[in-house]
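Q: Construct the entire structure; sequences and hints are all you get.
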Amino acid sequence: MRHDAPLASPVPTRTTCPYCGVGCGVLAAPDGRGGAAIAGDPDHPANRGRLCSKGSALGETLGLGTRVLHPLKRNARGAYDRVSWEEALDAVAAGLKAIIAREGPEAVAFYLSGQLLTEDYYVANKLMKGFIGSPHVDTNSRLCMASTVAGHRRVLGSDTVPGCYEDLDSADLIVLVGSNTAWCHPILFRRIQQNRAERDAKVVVIDPRVTATAEDADLVLPLKPGSDSALFAGLLVHLADAGLLDHGYIERHVAGFDAALANAREIAPDLVAVANLTGLPQTDIASFYALWAGTPAVVTAWSQGVNQSAQGTDKVAAILHCHLASGRIGKPGAGPFSLTGQPNAMGGREVGGLANMLAAHMGYSPAEIDRVRRFWRAPRMAEHEGLKAVAMMDAVADGRIKAMWVMATNPAVSLPRADAVQAALRGLDLFVVSENVLSNDTLAAGPHYILPAAAWGEKDGTVTNSERRISRQRGFLPLPGEVKPDWWIICEVAERLGFEEAFDYAGPHEIYAEHAALSAFENEGSRDFDIGAHAELTRFAYDTLQPVQWPVPAGKPEGTPRLFAEGGFFTAERRAMMQPLAVPALAASTSEAFPLLLNTGRVRDHWHTMTRTGLSARLSGHIAEPTVLVHPDDAMHFGLVDRGFARIATAHGTAIFKVALDPGAQPGSLFAPIHWSAENASDARIGAAVHPLVDPFSGQPELKATPAAIAPVAFRSRGFLLGAEDFALPEGSWWTRVAVEGGQGRLFATQADASELMQRARKDFGDEGLLEMVDAERGLYRCAVIRDGRLAAALFLGPDHDAPVWDVVKLAFASEQVDPRQRLALLSGRSLDGAADQGPTVCACFGVGLNAIRTAFAEGAAITVEDIGRKLKAGTNCGSCLPEIRRIGAQARVEVPA
Amino acid sequence: MAEPLVIIGKGMAATRLVDELSQRALGRYSIAVIGAEPRLAYNRVLLSPLLAGEIGEPEIELKPAAWWQARGVSMLYGKPVTGIDRAAKTVMLADGLALPYGQLVLATGSKPLMPPVPGFELPGVATFRDVADVALFRTVAATGARVVVIGGGLLGLEAAYGLARIGARVTVLHLADRLMERQLDREGAGLLAAEIAARGIDIRLNCTAERFVGTERVEGVELTDGSTIPADLVVVAIGVRPRVDLAVAAGLDVNRGVDVDDGLASNDPSIFAIGECAEHRGLVYGLVEPAYEQARVLATRLAGGTARYTGSLLATNLKVSGVSVFSAGSVEPGEGDEILLLRDPAMAVYRKFVLREGRLAGCVLVGNTTGALFYLGLIRSQQDISPIRADLPFGEAYCARAA
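Note that the protein sequences, when read in sequence, are chains H and E.
Plus 445 on top of the position in the first sequence (first one is 1) and you've got our numbering.
Plus 1 on top of the position in the second sequence (first one is 1) and you've got our numbering.
Hint data in this document are derived by calculation from the structure and do not stem from the laboratory.
Please read these numbers as outputs of a predicted model, since none were measured by experiment.
Errors might be hidden in some of the hints.
Covered stretches of chain E, as calculated for chain H (at least 3 residues, CB under 8 Å) [stated by the list, open to error]: (1) 333-344; (2) 384-395.
Only part of the chain E face toward chain H is listed, based on derived beta-carbon distances under 7 Å [as the list claims (entries may be wrong)]: (3) Ala-347; (4) Ala-398; (5) Tyr-399.
Every beta carbon over 12 Å from chain E, so not counted as near; a handful from chain H, in silico [said to hold, decoys possible]: (6) Ala-543; (7) Ser-615; (8) Asp-691; (9) Gly-701; (10) Ser-884; (11) Trp-933; (12) Thr-983; (13) Thr-1005; (14) Pro-1025; (15) His-1082; (16) Pro-1175; (17) Gln-1204; (18) Lys-1208.
All C-beta atoms in this analysis are idealised placements derived from N, C-alpha and C, irrespective of residue type, glycine included.
A: Listed below in structure tokens is the structure:
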């Protein structure tokens, strides 16, 4: 509970969601107690009032319990002492100065984040590339959208998303490639579903994994990992052979077509070849090609399945080629569409936050370097592309980079070989982290300084979403403690490095205006990114800025929904340039030792490393434990059982996950979520197992296909803890932390037996108010600590095959008082009426559990998902659970035939 | 004409026998009930609440006079029996009357044991057996007198509680290292001791009375360690001995009690024994339930039916304001037995279950005895409890839901 919160304000603040790249508008009304009522902004074009489960729960994630509120300095013992901003900023600046003087500017690097606002990004990029003179600025967008950036630039000549969200409403065919849109971009998925319902649009899902997104698609193509470009090369050949090319468009606006088509014919001469490469049935491929070829209003949208690949740039190019060759680009309902992962990946790309960009979508040509130098009046320009994330961490490891400043991201979890990254960071001469939280895996690498940065709800600036729409993200909470915005921190350091006047801003509006001016500087339509109309923006105009899609050149304040319908690509000849593709292949192939492919990605209700979503009990109820999805056949073959445990091993690291059998998983592939870290699980740092092989153009690592082995792990006992946050589980226990109503819980498995846990519990909890149930021979121990009538803590342990279920005890833990008559019954872990047995959360927006939905179907109270919506509200907000509800209904019909 | 059935003793066993018999074969026998106490049969189990003043004397009566009359029972109260003439099949009474019988039932019950220590004959040294004792205790205790209860078993604790309730300062001396050692395990007994102590009763374990001191009347109890506990009243509750003198004199087989077979018959086929005076398969029961079971079996047989008494499962109930204790079957695990425990010390609740080969072999419930009958049923039925094992401690409803 924060004490410096403002009074509840009647007028909600218009801001944007901090999660995915959809960039939904949010209305936030502070409650005066540090929290806020959250609603979708009905006037924001991205979501028109809708929010997904994560966005809806934002109000539950505003607590200060996990925040870092003061500058911290590492002391000799490796612990942290609070220091003043003066001391911290002076020391960081002095440290940078010394290393630059000793080793040259290229010994210094910034690692930034798609979570930063455009203004923060801009000053960081400016300081590094124009004043320190190092090109080594990269960002976690390298793990996210870099292949799209490279693909866009190679083929379109600029990093330009041609279309807009309205195309998803007006398309007759939507092809989703390597995207679990239902879970990762739920609001766009809703728009697509609405289009299907109202306009009967068709949906094709192309993904090695059959996900929730594929649940009711018209066509599902579970192709072999890494074969996407073969499928689209085949489509290009099909378009040519079927005479469906737009020769006029190619003629006027495209270069390199013949070479690209010839190259496509080499890769995918016919259906047989495509079938061989993709592992798909020829009939399915044929119907996909026919559908695509026969539907002018087609949007091909992609996400990480395409990007996180060692051939991601080619995959993007292969998709772009088909749209260019058919002239289906920049037209209503037609175009290639990259769905970005992060709230401001696009903004970062615009300012030049990626190592292979300079600034404002300009690259490193001498003319561009000179232009930016003159605009910035920069004393020391970076002269060439910098190191991309993976290479940057190698340079940290081998000592070429001596100083690194990490902002708003957690590379010790998210980068490939995360353990090696964590070790490398430890070795830096100067390691600085700007953070929201007091503890994470990157902070565990021991930065010399931790700088408390403003979080969502506090910071103020702009973000750009997947459709090039710039929106304001506005603060509605005061800055807690000594927390400062990132732009302020960077500018303070810049001043201490002697660059006062270049970094003397009255606020983010001045930074944004400068950024806008740079985008227009000597542009005259030569560069896609031009927001010159905002170059003179006053603070008032900035504060009242309406969402708008760039380009917004001077004289065109209404912005630009679509580009390239009539060509006008941002190349010298104004032509798109088709590119020959490499032969489709994975960076690393499976072997006897590593016979499977490890795929990584997101779950529905968590975001990144859970520093925010991990605080919400609702969001933690959907998938509570780090769980690897395995195809039943593979499970059989490797001796895995559903809800058992398994060790995933690769050449780089290992992790232990709970096992879930998933018929939708591709045989030979594993899927593990990226969200769990050492903060919230004992053995689930999957990044440690991911290989560092990257795309030659984008430098983006292939995070979705690491050769891996899997083997069962057996534990003697399983249990759960509620409360008792510092209770020490036996050495070698597997555990995961879960937010629950009223505090924190842990699910665990251990080799220890009931009596050992009993001893620990008695020692740790003491006798006062301790209730126990002991059945040593059965390996069962349960205890609860009731103090002042409240359930303060609970520990339940059962044998491995009979893990205790915590739903009912969680309810007691959440309630203020335990009914004295229910004291003993508490240890039964059950409720007689059964009402409390929720089961796992299905609808996070309304907190509806699996059992309620099952019951509704079983009792015939519901036949369709719509009935469920009417009866339980489940699925009526973001709809990301609708596929699951549909599946539950199907199962119910099987189990209880009507 | 109806066959004469004579019942010596008019306690709870005798009353239940008449009740059962009248339901099965009313009129088949002309029944005579002979009792030493000059009053209607009453429920001894209610003596402690009577002592505690929680109920009044009328409420402890088992059956009103009208009930006996309605069943045509001749009541010979206040008429001690002097002997049994098995040859003549008659019972001799103190007033010289000789009562012929066709069938004779001994339900003479038991008498309290007195420790063989000096001073036990002093006035103020009493046992706790009948309404007369209660009257005495109430007059003494009302004055805030100091009372020493010897014996920390069921009866002693009930007496101690009753006495404390009406104002006495009570000390309980117990030979063993824990209360109710035959019915409770160490933890259960410890919890019970704490609860009783919390009610102002001083409990001393591992102590033996050396002698009762006093001149005119008892003034204290001297212990083997030499110390003396002052006392205005000493209540001895260290156990009972079956009343078997008549049976012995009649030459029946007697060990501790009158030796009976599964038909409750002594070695004289027309003489039976039930209740605390009977010994069956080497066991003499000191509780009312076995007596009732025996009465039912005997009634069935006397009515011409077939029934066998094969022994009783011992179940103990102690109920003294808020401290309830239930114990049945084995309370300590034997070789290979398994233990299931549930405890909530703050609420003085303790539940222990002894499991034998997947069956319930016994249980101890302290503080909260709900489900006692359910557990007793499981012990009797010996059904497999494996499927409900984890829910067992929480009572029938949970087990029902689990099964």
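Q: All hints, please: hold or fail.
A: Results of checking the hints against the structure:
1. 333-344: It holds, with 6 qualifying residues against the three required.
2. 384-395: That given contact holds, which follows from 5 residues of the region 384-395 of chain E lying within Cβ reach (below 8 Å) of chain H.
3. Ala-347: holds (5 Å)
4. Ala-398: OK, holds: Ala-398 (chain E) within 7 Å of chain H, min 6 Å.
5. Tyr-399: holds (5 Å)
6. Ala-543: holds (62 Å)
7. Ser-615: holds (55 Å)
8. Asp-691: holds (68 Å)
9. Gly-701: holds (70 Å)
10. Ser-884: The claim stands: Ser-884 (chain H) keeps its Cβ more than 12 Å from every Cβ of chain E (closest is about 35 Å).
11. Trp-933: About 54 Å separates Trp-933 (chain H) from the closest Cβ of chain E, which puts it past 12 Å; holds.
12. Thr-983: holds (67 Å)
13. Thr-1005: Check passes; 64 Å lies beyond 12 Å.
14. Pro-1025: Nearest chain E Cβ is 66 Å from Pro-1025 (chain H), so the label holds.
15. His-1082: Holds: least Cβ distance 34 Å, greater than 12 Å.
16. Pro-1175: holds (22 Å)
17. Gln-1204: Non-interface label stands for Gln-1204 (chain H): nearest chain E Cβ at 15 Å, farther than 12 Å.
18. Lys-1208: holds (16 Å)
Checked against the numbered hints above, the structure violates none of them.
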